[in-house]
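Chains as they are written, first to last, in this note's numbering: chain A, 1 to 369; chain B, 1 to 369.
For the record, the hints were derived by calculation from the structure and aren't laboratory data. Small disclaimer: the values here were computed from a predicted structure and weren't measured. Incorrect hints may have been included.
[Stated by the list, open to error] Cβ-to-Cβ under 7 Å is the rule here; a few derived chain B residues that face chain A:
{"hint": "1", "residue": "F13"}
{"hint": "2", "residue": "T51"}
{"hint": "3", "residue": "N90"}
{"hint": "4", "residue": "L136"}
{"hint": "5", "residue": "I163"}
{"hint": "6", "residue": "L242"}
{"hint": "7", "residue": "Q243"}
{"hint": "8", "residue": "N271"}
{"hint": "9", "residue": "D304"}
{"hint": "10", "residue": "M305"}
{"hint": "11", "residue": "E334"}
{"hint": "12", "residue": "S337"}
{"hint": "13", "residue": "T341"}
Heads up, the beta-carbon is just placed ideally off N, CA and C, and yes, glycines get one too.
Residue strings, one per chain:
There are 2 protein chains.
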Amino acid sequence: MSVEKALNNSSAFLNVDLGAIINNYETLAGQAQTAACAAVVKANAYGLGMTEIAQAIFHNTRCTTFFVANLVEAVNLRTTLPNAVIYVFNGLFSDQIETYKEYKIRPILNDLSQVLLWSGSPEPCAMHFDTGINRLGLSEHEAEKFLNSRHNLNLELMISHLIRSEEQDHKTNNIQLGKFRKIVEALGDVPASLANSGGIFLGHEYHFDLVRPGIMLYGGNPGLKSLPAGLKPTFEIKARILQIRDVLPGMTVGYNATWTAEEPSRVALMNVGYADGTLKVSDRKSHVSINGHLAPVIGKVSMDMIAVNISASEFDKVKVSDFAEILGPNITLEMASEVSTLGQYELLTGIGHRYHRWYGKNNKLGAKI
Amino acid sequence: MSVEKALNNSSAFLNVDLGAIINNYETLAGQAQTAACAAVVKANAYGLGMTEIAQAIFHNTRCTTFFVANLVEAVNLRTTLPNAVIYVFNGLFSDQIETYKEYKIRPILNDLSQVLLWSGSPEPCAMHFDTGINRLGLSEHEAEKFLNSRHNLNLELMISHLIRSEEQDHKTNNIQLGKFRKIVEALGDVPASLANSGGIFLGHEYHFDLVRPGIMLYGGNPGLKSLPAGLKPTFEIKARILQIRDVLPGMTVGYNATWTAEEPSRVALMNVGYADGTLKVSDRKSHVSINGHLAPVIGKVSMDMIAVNISASEFDKVKVSDFAEILGPNITLEMASEVSTLGQYELLTGIGHRYHRWYGKNNKLGAKI
Chain A
1 MSVEKALNNS SAFLNVDLGA IINNYETLAG QAQTAACAAV VKANAYGLGM TEIAQAIFHN
61 TRCTTFFVAN LVEAVNLRTT LPNAVIYVFN GLFSDQIETY KEYKIRPILN DLSQVLLWSG
121 SPEPCAMHFD TGINRLGLSE HEAEKFLNSR HNLNLELMIS HLIRSEEQDH KTNNIQLGKF
181 RKIVEALGDV PASLANSGGI FLGHEYHFDL VRPGIMLYGG NPGLKSLPAG LKPTFEIKAR
241 ILQIRDVLPG MTVGYNATWT AEEPSRVALM NVGYADGTLK VSDRKSHVSI NGHLAPVIGK
301 VSMDMIAVNI SASEFDKVKV SDFAEILGPN ITLEMASEVS TLGQYELLTG IGHRYHRWYG
361 KNNKLGAKI
Chain B
1 MSVEKALNNS SAFLNVDLGA IINNYETLAG QAQTAACAAV VKANAYGLGM TEIAQAIFHN
61 TRCTTFFVAN LVEAVNLRTT LPNAVIYVFN GLFSDQIETY KEYKIRPILN DLSQVLLWSG
121 SPEPCAMHFD TGINRLGLSE HEAEKFLNSR HNLNLELMIS HLIRSEEQDH KTNNIQLGKF
181 RKIVEALGDV PASLANSGGI FLGHEYHFDL VRPGIMLYGG NPGLKSLPAG LKPTFEIKAR
241 ILQIRDVLPG MTVGYNATWT AEEPSRVALM NVGYADGTLK VSDRKSHVSI NGHLAPVIGK
301 VSMDMIAVNI SASEFDKVKV SDFAEILGPN ITLEMASEVS TLGQYELLTG IGHRYHRWYG
361 KNNKLGAKI
C-alpha cells in the first residue's frame, strides 16, 4: 500500500460530485428562463472547494459570471479561470484599485466614495443599490444623488439583495422588487440582477438580466418548504470506524458521561469530530448512515471523534475500518440542520479542512464503499 | 501599494502570538513539576496553525513530544519537525504500518488487533488503556489479557484519558486515577501519561511521567472556574469595516429583518461572517471591540459579513477601513462562548481559513491598529 493511499485512508473524506453541481446549475438556469445565470462561489464555494467547482461550472455550462466576497477570493479564482467575469461583493478600497485592474476583476461599488475611486476607469464595474437589507450598497438617498450626478463609469451590472426571498409570500419581496425596478428604469440600459437562490423561485419578474444562485448550486435549501425538483445533493462526507467496543449496562460514553448504556451495547468510534465542522450538534439527536441504516450518535461529540451506537442487528456485520456517511444523500443537510444549532448555510461553510477531498463528475454519491 | 499588501488588507486577519503560546507552555510545564510536558497540536493546533506553533514550541522550550489525531497530521508535522517524538491518537491500521515506520511516527495502539499489527517491531509505540471514557483504548477486559500475554512491543508510553478533568472535585477523576494506577503498576517501567489540560490542575498525582495539554496552550479554558494564573490569550481576529451607513428608525438590518432601528443609528458592516467560523452565534448578543469599547453585533450574521451598531459617541471617529477585534484579548473565548451555541473548543477549532494569518513572537495582541 502506498504512503499516499495510506494517508488518504487515514482521514475522513469529502466526496464532491461535480456532475450534480452542473446539474443543479442547469436546473437553476432553466428556471431563470431568459435571464442569464451566474454562480456564487464565495467562501470557498460554500465550503466545498472553489477551484474545482468554478472550473466544472465554467467548462461544462454556459456560465460566464462568478461572484466572490473579497479580493483574495477573486485573485484565486482568476488564476483558475482566466476568461471568466468575476465580481467582488465587498467593494473597493483605494489600496486595491491596481490589483482589481491587474487581474481584470470587477468591483461592486457600494457607496459614493467607491464610485469616486473607480470613476474615469474604462474597466467594467457594478453598482450595488440597497433596497432594505441595510448591509452593503447605496442607500436610497445616495442612490438619488448617484442617479442625478454625472458619473464616469463603465457600468456593466447593477445589483440588489433580497432580505427574505425564501419566504415566498412575504410582502417584503414585492416592496424590494418595486424599489429595485425604479432604479433599473432610471439607469436605463445597465443589466440588472436581484435574485439569489430563493429569488429565482419568486417568479420571472425577479430575474431581470442575471440571477446569482449560491446555496442551491450545492444542493442546500435556503428555507423553502422543500428543495425544488431537479436539485440534487452534491457531496458526501464519510468517516471510518477506528474501533468497536462492547459497553456494559451502566457504563458511560464520552466526555462528561452524557450517555449511559441501558443494555449491553456495541459502540463504534469514528474519525470525525467537531474540528471537522459538520457535527457541531452539541449532544442532540444526530445520526450517521451505515449501509443505508441510520445509527445514532451517542455522548458528546469530541474534537476528532464521534461514538455511534451500532447495537441494532442490521449492524451485525459492521467492522473496524468500515465507513459511515456523516452528511450526504442519506443524512441530508436538512436532517443535519434540524438536530443542530446551526443551519444549512453554516453547516456547509463550516465543513472542515481535514477531509481527504475527492472531486469527480460521476461520483455516485451514496454508493456503498 | 503592492498586490500582496492589497490582498492582505482585503481579508480579515488572524494574529497568532507565538510568544504567548510559549509562555503558556512554560506555565503548564511548571505546573507539571517533575513530569515532562508534551504539546497536543491535533486539528491544526486547535485551528491556530500546527506548523508555526509546533515549530515555536519545539525550538523555544524543552518540549520534545507532540500528539496529533491522525496519520496525515503526523506526516505533516514530521516534515516540520524532523527530530520530534510524534504520537497518533487514532491508532494503527494494517495499511498504515509502513508509513508509520517510514516517517518514524509512533502509533498509540488502541486494541489487541492493533497490538498484533505492531508486535515484533523494534520501533517505539504507545498503549492506550480506557479507564471509563469508552472512546479509544483497551477495555478493562482487554487490558487484563494484554497484561497477561507476552507482547513483543517497544513500549515507550502508556496513556489514558480523563472524562471530566475540568470538574476538579468530581469523584470520577479519582476513580479513573485508581484504575490507571493499577495498570501503571502492572506494566512496570513504561512511562505513563494521564493528564490533559484540566488534569494538570488536579494535583501532582495525576501527572505521572508526561502531561499533554491542548486547549490551555492556546489560552482556552476547558471549563475550570477561571483560567489559571499565568495563562495568556494567544491570538486575535480582526475584521475591517467595509461600509458605514445611517439607518433611520423603523429600518431593519440583515436577513429576515431581525433587528429594527429604534432611533437614528450608525451601522458598520465588517468583512467577517459565519463562513469565517468565529461568529456562529445565531442572532444572540455578541460584541466586537473597537478601540477598547464594546460594540454590539446586530441582525443576523451573514456568510461574509456582520453588522455592528456604532451609534454610541465613543465610536464617533470610527471610519471605513478601520479594524475591530472579533476575538482576542478584549473579546475573549470565554465571552464569545457565553453568547454562542458553541463552546470554546468549537470556536477555536472552527476558526475559518479565509483569514490572512500572521505569526510572531511578540505580536502585541490588542494593540491599536
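Practice prompt. Using Cβ atoms only, decide whether B:T341 comes closer than 7 Å to chain A, and label the hint accordingly.
Written response: This interface hint holds because 4 Å falls under the 7 Å limit.
Worksheet entry | Proposed interface contact between B:L242 and chain A, which counts if any beta carbon pair is under 7 Å | 6 Å, holds
Worksheet item: With a cut-off of 7 Å, does the beta carbon of B:I163 approach a beta carbon of chain A closely enough for the hint to hold?
Response: Holds, because the Cβ-Cβ distance from B:I163 to chain A comes to roughly 6 Å (cut-off 7 Å).
Worksheet item: Can we keep the B:F13 interface hint, with Cβ of chain A closer than 7 Å?
Response: Violated, about 11 Å.
Worksheet item: Measuring from the C-beta of B:D304 to each C-beta in chain A, is the shortest one below 7 Å?
Response: 4 Å, holds
Worksheet item: Does the interface hint hold: is B:M305 within less than 7 Å of chain A, judged Cβ to Cβ?
Response: Given a least distance of 6 Å, the restraint on B:M305 holds.
Worksheet item: Do the numbers back the hint for B:L136, that is, is its least Cβ distance to chain A under 7 Å?
Response: Check passed: Cβ of B:L136 comes within 5 Å of chain A, closer than 7 Å.
Worksheet entry | Interface restraint verdict for B:T51 against chain A (beta-carbon cut-off 7 Å) | This hint is violated: B:T51 lies away from chain A, its Cβ roughly 13 Å from the closest one there, beyond 7 Å.
Discussion item. Let's test the interface hint: is any C-beta of chain A closer than 7 Å to that of B:N90?
Written reply: With a minimum Cβ separation of about 6 Å from chain A (threshold 7 Å), the hint on B:N90 holds.
Worksheet item: Per the CB criterion, is B:Q243 less than 7 Å away from chain A?
Response: 5 Å, holds
Discussion item. Under 7 Å is the threshold here; is the Cβ of B:S337 close enough to any Cβ of chain A for the hint to stand?
Written reply: Hint violated; B:S337 Cβ to chain A Cβ min 12 Å, cut 7 Å.
Item to complete: Double-check B:N271 for me: the hint is only fine if its C-beta lies closer than 7 Å to a C-beta in chain A.
Response: 6 Å, holds
The structure fails to meet hints 1, 2, 11 and 12 from the earlier list, while all remaining hints are met.
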